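Trainee: Sequence:
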Amino acid sequence: MVRILDTTLREGEQTPGVCFDNHIKLAIADMLDHVGVDIIETGHPVVTAEIEHSVRQIASRGLAPLIGAHARSLRRDIDVALNCGVGFLGIFYCVSNDRLQHHQTTLPRVIEKITEMVAYARSGNPRLRIRYTPEDTVRSEWENVVEAASEAVRAGADIISVADTTGYMIPGTKRSMYDYVSRLRDDLAVRSAFPQIAVHCHNDRGLALANALDGYRAGAEIIDATVLGLGERAGLVDLATLLAVLQSDFNEGQHWNLRELPRLYDTVSRYAGMEIPPLMPLSGKNVFTHCAGIHTQAALKNPLHYQSLDPGIIGREAEIALDHMSGNAAVLFALEKIGRGGLSPEHTERVIGKVKETGRMGRVVNQDELRHIVNFITNERENPLDRQPDHRLFTFADPQG
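In the working numbering, the protein residues as written are 1394 to 1794.
FYI, nobody ran anything at the bench for these hints, they're computed from the structure.
These numbers were taken from a predicted model, which means no experiment stands behind them.
Be aware that one or more of the hints could be misleading.
As a list, the in silico BS3-like pairs of lysine-lysine whose alpha-carbon atoms are at most 27 Å apart [stated by the list, open to error]:
#: 1; residue 1: Lys1567; residue 2: Lys1678
#: 2; residue 1: Lys1747; residue 2: Lys1730
#: 3; residue 1: Lys1678; residue 2: Lys1730
#: 4; residue 1: Lys1749; residue 2: Lys1730
#: 5; residue 1: Lys1749; residue 2: Lys1678
Put together the whole structure using the sequences plus the hints.
Mentor: Listed below in structure tokens is the structure:
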């Protein structure tokens, strides 16, 4: 069973310009709890007093997920995190030769530091879940990673995280996350080290989700994600897409409440100051909307013709957009939806023409505008007090739901 670590409140705040007020962080943590993620990484508490305060508050909130914090391999970082009352601690230290040379140190010295800090954290809380991350894991020398990871496990680390810090991995190549996780697990087992494996995939090449699924297929037990895929540069794996794919296609997480995702995404979008891209899988406004005439005609008969995910899993419905691409079936369906399905053939044809004309101006016709078009074509008047404006698109029942 895979576990989901959401790091919106830690890695997400490393998105340029994103900073959540503490009361918003608590609200986001509550929503993540309702969704059913397993671990909430709440921040790096030594960075600011505000982050420390929010980590402490969330840790004392009694939420079901394990509450975690981030720390360098420094006693002060670990002390502050443990004083916040977290049950999960991520400790990181890069072991690549380039980084060792930059810091004018050696691998044995760094491993000594890592193991000392892992053991120190373990002594501070014997029940603490400890993750060690060799930062930029996949571009570091293999021997360095295996040596550091195995010694960290011996010192008390429960989890080793494979960090694709720069979005370097590509499925099906020599840089495959599947191969990396498989080989790491085998090489650690040879050293009698059997940690859980986590994957932390950045999206620089647009492959974060693919790499995360590769890691999962190789046996990774924990996957990191963020709401909207927030994070450094191109961000991380998007939480909603990851959950939907794992639940729909791999039969994981049947306890996850994906219907809570729209509220979570609206909240994060609003307070991060970042709009949800219309084409974003699961969350974008267009992803369950059918437009082209051939598509809508087929979708009205059976949405499975042009959908592979059920919008109902996140509490949404399939929709039809009326514009210059619309065919007769879509417009006739929309007219029925607004109670004007009995128009004459002449009026219907003119309505279709007006819808296409409006669409050519770059606008989608919603329910309210379609009523105006019908009244214009038929030369009818409507009392504005009779109807409240309705700016929705046209929804239709999805047999999958």
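Trainee: Does each hint hold? Answer for all of them.
Mentor: Cross-check of the supplied hints:
This hinted pair does not check out: lysine 1567 and lysine 1678 have alpha carbons roughly 37 Å apart, beyond 27 Å. This hinted pair checks out: lysine 1747 and lysine 1730 have alpha carbons roughly 18 Å apart, not beyond 27 Å. Proximity of lysine 1678 to lysine 1730 is assessed by CA-CA distance (about 20 Å); at most 27 Å being required, the pair is judged to hold. Between the alpha carbons of lysine 1749 and lysine 1730 the distance comes to roughly 18 Å, so the proposed pair stays at or under 27 Å and holds.
Pair hint lysine 1749 plus lysine 1678 holds up; C-alpha atoms about 21 Å apart against a cutoff of 27 Å.
When the structure is compared with the earlier hints, a violation turns up for hint 1 alone.
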